[in-house]
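Engineer: As they're listed, the protein sequences go chains V and L.
Residue numbers for the first sequence follow numbering that gives the first Met the number 0, beginning at 0 and rising by one.
Residue numbers for the second sequence follow numbering that gives the first Met the number 0, beginning at 0 and rising by one.
Hints are supplied without guarantee of correctness; some may be wrong.
As the list claims (entries may be wrong) - Here are the simulated lysine to aspartate or glutamate pairs, DMTMM-like style, with alpha carbons at most 20 Å apart:
| id | chain 1 | residue 1 | chain 2 | residue 2 |
| --- | --- | --- | --- | --- |
| 1 | V | K669 | L | D89 |
| 2 | L | K3 | L | E39 |
| 3 | L | K22 | L | E117 |
| 4 | V | K780 | V | E733 |
| 5 | L | K86 | V | D672 |
| 6 | V | K708 | L | E18 |
| 7 | V | K705 | L | E18 |
| 8 | L | K109 | V | D676 |
Simulated from the structure, these hints should not be mistaken for laboratory data.
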Amino acid sequence: MNNYALIVIIIIYLAVLFYIAFLAERKKQSKWVNNPYVYTLSLAVFCSAWTYYGSIGIAANTGINFLPIYLGPVIAAPLWIIVLRKIIRISKQHKISSIADFISLRYGNNRFLGALVTIICLFGTLPYISLQLKAVSETFEIMSDDTSYISTAVIDDSTFYVALLLAIFAAFFGTQKTDASEKHKGIIASVAFESVLKLVFFLIIGVYITFYLFDGTSDIYNKMSDAENFKQLTTLGGVEEGFNWFFMIALSFMAIFLLPRQFQVSVLENNREKHLKKAIWLFPLYLLLFNVFVIFIAWAGKLTFGSTQNAEYYTLLLPLNNGNSFLATLVFLGGFSAVISMVIVSTLALSTMVSNNLIIPYGFLDKFIKNQPERNSKYIKNIRRISIFTIIIVAYFFYVSFSRELSLYAIGLISFVIIAQLAPAFFIGLFWNRGSSKAAITGMIVGFCIVFYTLVLPFTLQAYTGTDDFTQNGLLGISILKPYALFGIDFLSPPAHAFFWSMTFNLLCYLTFSLTSKGNYRERNYAEMFVDSRNFSTLQDSALVWKGEAYVADIKNVLVRFLGEKRATRALNIFFTKYKLPQDTQLADARLINFSEKLLTGSIGSASAKILIASVVKEEQISLVEVLKILEESKENIVSNKVLLEKSNELTQLSSKLKDVNQELISKDKQKDEFLDTVAHELKTPITGIRAATELLMDEEDDMPKEMKAQFLKNILQDSDRLGRLINNILDFEKLETGRLNLDFGYNDIQKTITKAISSISQIAVKKEVKVINNNVHTFKTNYDEDRILQVLTNLLSNAIKFCTPKTGKITVDYKLGNERIEISVTDNGKGIPEEDHDYIFDKFYQSKHQNTIKPQGSGLGLAITKQIIEKHNGEIWAKKGVKNGATLVFTIPFKYIVT
Amino acid sequence: MKKKILIVDDEPNIVMSLEYTFKKQDFEVFIARDGSEALEILKHHIPNVVLLDIMMPNVDGYQTLKQIKNTDSLKDTKVVFLTAKNKASDIEKGLKLGADKYLTKPFSVKKLVSEIMELLA
Numbered sequence: 000m001n002n003y004a005l006i007v008i009i010i011i012y013l014a015v016l017f018y019i020a021f022l023a024e025r026k027k028q029s030k031w032v033n034n035p036y037v038y039t040l041s042l043a044v045f046c047s048a049w050t051y052y053g054s055i056g057i058a059a060n061t062g063i064n065f066l067p068i069y070l071g072p073v074i075a076a077p078l079w080i081i082v083l084r085k086i087i088r089i090s091k092q093h094k095i096s097s098i099a100d101f102i103s104l105r106y107g108n109n110r111f112l113g114a115l116v117t118i119i120c121l122f123g124t125l126p127y128i129s130l131q132l133k134a135v136s137e138t139f140e141i142m143s144d145d146t147s148y149i150s151t152a153v154i155d156d157s158t159f160y161v162a163l164l165l166a167i168f169a170a171f172f173g174t175q176k177t178d179a180s181e182k183h184k185g186i187i188a189s190v191a192f193e194s195v196l197k198l199v200f201f202l203i204i205g206v207y208i209t210f211y212l213f214d215g216t217s218d219i220y221n222k223m224s225d226a227e228n229f230k231q232l233t234t235l236g237g238v239e240e241g242f243n244w245f246f247m248i249a250l251s252f253m254a255i256f257l258l259p260r261q262f263q264v265s266v267l268e269n270n271r272e273k274h275l276k277k278a279i280w281l282f283p284l285y286l287l288l289f290n291v292f293v294i295f296i297a298w299a300g301k302l303t304f305g306s307t308q309n310a311e312y313y314t315l316l317l318p319l320n321n322g323n324s325f326l327a328t329l330v331f332l333g334g335f336s337a338v339i340s341m342v343i344v345s346t347l348a349l350s351t352m353v354s355n356n357l358i359i360p361y362g363f364l365d366k367f368i369k370n371q372p373e374r375n376s377k378y379i380k381n382i383r384r385i386s387i388f389t390i391i392i393v394a395y396f397f398y399v400s401f402s403r404e405l406s407l408y409a410i411g412l413i414s415f416v417i418i419a420q421l422a423p424a425f426f427i428g429l430f431w432n433r434g435s436s437k438a439a440i441t442g443m444i445v446g447f448c449i450v451f452y453t454l455v456l457p458f459t460l461q462a463y464t465g466t467d468d469f470t471q472n473g474l475l476g477i478s479i480l481k482p483y484a485l486f487g488i489d490f491l492s493p494p495a496h497a498f499f500w501s502m503t504f505n506l507l508c509y510l511t512f513s514l515t516s517k518g519n520y521r522e523r524n525y526a527e528m529f530v531d532s533r534n535f536s537t538l539q540d541s542a543l544v545w546k547g548e549a550y551v552a553d554i555k556n557v558l559v560r561f562l563g564e565k566r567a568t569r570a571l572n573i574f575f576t577k578y579k580l581p582q583d584t585q586l587a588d589a590r591l592i593n594f595s596e597k598l599l600t601g602s603i604g605s606a607s608a609k610i611l612i613a614s615v616v617k618e619e620q621i622s623l624v625e626v627l628k629i630l631e632e633s634k635e636n637i638v639s640n641k642v643l644l645e646k647s648n649e650l651t652q653l654s655s656k657l658k659d660v661n662q663e664l665i666s667k668d669k670q671k672d673e674f675l676d677t678v679a680h681e682l683k684t685p686i687t688g689i690r691a692a693t694e695l696l697m698d699e700e701d702d703m704p705k706e707m708k709a710q711f712l713k714n715i716l717q718d719s720d721r722l723g724r725l726i727n728n729i730l731d732f733e734k735l736e737t738g739r740l741n742l743d744f745g746y747n748d749i750q751k752t753i754t755k756a757i758s759s760i761s762q763i764a765v766k767k768e769v770k771v772i773n774n775n776v777h778t779f780k781t782n783y784d785e786d787r788i789l790q791v792l793t794n795l796l797s798n799a800i801k802f803c804t805p806k807t808g809k810i811t812v813d814y815k816l817g818n819e820r821i822e823i824s825v826t827d828n829g830k831g832i833p834e835e836d837h838d839y840i841f842d843k844f845y846q847s848k849h850q851n852t853i854k855p856q857g858s859g860l861g862l863a864i865t866k867q868i869i870e871k872h873n874g875e876i877w878a879k880k881g882v883k884n885g886a887t888l889v890f891t892i893p894f895k896y897i898v899t
Numbered sequence: 000m001k002k003k004i005l006i007v008d009d010e011p012n013i014v015m016s017l018e019y020t021f022k023k024q025d026f027e028v029f030i031a032r033d034g035s036e037a038l039e040i041l042k043h044h045i046p047n048v049v050l051l052d053i054m055m056p057n058v059d060g061y062q063t064l065k066q067i068k069n070t071d072s073l074k075d076t077k078v079v080f081l082t083a084k085n086k087a088s089d090i091e092k093g094l095k096l097g098a099d100k101y102l103t104k105p106f107s108v109k110k111l112v113s114e115i116m117e118l119l120a
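Starting from the given sequences, assemble the full structure and let the hints guide the process.
Structural biologist: Given below as structure tokens:
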């Protein structure tokens, strides 16, 4: 085909793509743009020229080894519903604009980490883009008639112009907005369209070759089975090959998440999480369809051409060989589609990273602070546009000077292995909050160095020098340092080998450093948000870990520079409304800091956003202990609430107890007052009697009858006795109650004590003609203060006598043993004690309402003192209930005072 | 006509001294051992003066005074508290209830007599 005709076709095709992208940008909300099919098809950006052409080359040369690259994504697809959804959610919340942003944010907005990820992605993607350009160039050559004309001048190379056109396309549709986290619907629509084209054209050529040029799959199979190495091409080669497969599958598994273009389409360009549901089966199906004819096309080519030298381009060569240049053109366009979508999405993703994670945070921040908003926005866009052109041009020169001699497959795998170095930090960091930035950085650098040594370096040396000295002999001739057989592992293919060692060391570094070093508070907070993404909005909003001082006005100034006055004001209003803060709030809190960082992240990347906001915030360092405490608190909020409730209950109880005690104290005070009043009253009564009688007796003018005089003198004597008794009782009682009275314990016979007590009251008893009976005959010795127990018995007996009717009165004293104590009772047949008085008779100065109108000659302290004495013996005293005709008072003395 | 006095106290020795004293002053003396006995006596007799203790079993001095104040026939009867309670608050309470005099124990017989005579003059 004529060179110019081909260029015209290319330009027309690009124009169609422009138009589609343009339409999609204009009708952003349309169903045609926002549906799970477009999303799934955009994921198919995975199938680049490498798939379109490279697979067939592998299939022709080494059989089914092309498959693991697709098995990885197929295995990964079902996990998207968990992993990818989480990533999407986090990215949306934080306005993440690239995988570099994502990883750097996870490790606390680490600026260096973001830059490192960007550099790794650049290393991983630039050769990949150059690989695509190589495919364009080579297919262009195959398609054009002038195979004789091979130009070495850039200016004459049509590939260069194609690259430039792609750069323009990417720059135009990729930088419509300053905020890179905004969706690029135009690009995605065109990518989806291209995905349809490349699959359809590939299937058409597959059908054409298999069923038109040959008689179906069995025909190809049968013809191929005669080939010498057929068996080797269709089977797996033992355990070693198994290892290779395993590592290749693992590699592609990671790539589907980590490749910048995959992250762009699957995470950043995702509209709705539910689109994932369709993608998890539709995308594997797409891959399956893409691979159906690979093996047959490869074999058909092999059967037709004999050699496998140009196996990668069988899809073009076969129809051309049969004079079907129309089909060849379709295939060319399909391949071109694969190239365009890959290059544009990759460039877009890379340019965002380069601008947001490399150029802006490391060079342009100061400028931005001084600039006007419109200029800032222009600046950012220009940085991205220049990045896009630079990336594509660098990729072009990489291709020109480097990868002309290399296979598509080899370059593709190197890219995968380099990108895979992000895996530990990315995947483990998503589910393990201990992963630290130091660990991520170390792991990536170590892993990258190993990849460089075991894959990039030997590859490059071989391509440039044409010798394989280095791979054969290793560094300085040390055999265990052979780049393809490090430490003697020589059975793996170079990419699998490089992947194995780099991943091992990367992982080891990551885990070791994570376990041995702790990140700063910021890092720990973000780690917590990423790992626990369900709660992360609350974690973020409450922004636990921030201690500092900032003014809303300062922050607004920064926001205005990037968003413009109007948007900044609106954003702040929304913020204040959301958190119910007054619109004129002066001091910014942690939530506003986070909110502002998020607002800026889309435009300038999270690391830059952090630096910018930090420039107006006086942030205090918080110790890790504090942070952990705060985190712990938030986690155990519910628990602590419960504890708080318990504490408050306890406090309530305590205060009520305190109230009781206070009440008791007050009542004790009152009781004490009352006691003193009563004592005074009781003392005054006999004194009054004595004083009055004495005065009457002393009146000399009065000739009092003799018997009257005698009566008064007797009264005086009686009152004096009463006064003496009263004073003794008061002193006893006071001593007992304050605990100052020490008992004089001794080994005594209770029988003797009872006898003594009875004899001491016998005079009054006899006088009143009341019988006192002691039924006990046995002696029993136990330990007690005899004087005091004698006082108790005397008291009880005199009380009994007092309430007994003269002549018929009968009092019985009994004792019994048991229950580790001796129980002594005094029973009378008097008028008894009313049931309601039982609890009070032992209170001091208690006088029953039912008491005889004639006041008994007691101190009112007798029973109170009795009770005190018994309690001092650890015993009990009570009035027996339910006793008819009389009263029974019982007291006990425990045996523990028994002397053995 | 002989003046009448009602002595209300639950201490027999004190009652004995008071009875002797007022009999010598030519009073007709009635004796009650508590408030209820006193009120019983007051149903049949209208004394010129009631000498009232406060702390007594059953019906105390305060209740007795109230009853007396509520009885029309006793509106000319003077009531004098004679009690060991000598706190200012007690005295105030007693006078507020309508007692004509508040005397405290222990007391001087001579002084008591002159107080009562003054009251009845």
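Engineer: If a hint holds in the structure, say so; if it does not, say that too.
Structural biologist: Each hint tested on the structure:
1. V:K669 / L:D89: holds, 16 Å
2. L:K3 / L:E39: holds, 16 Å
3. L:K22 / L:E117: holds, 17 Å
4. V:K780 / V:E733: violated, 30 Å
5. L:K86 / V:D672: holds, 12 Å
6. V:K708 / L:E18: holds, 14 Å
7. V:K705 / L:E18: Given pair K705 of chain V, E18 of chain L holds - Cα atoms ~17 Å apart, limit 20 Å.
8. L:K109 / V:D676: Violated, at about 27 Å.
Checked against the numbered hints given earlier, this structure breaks hints 4, 8; the rest are met.
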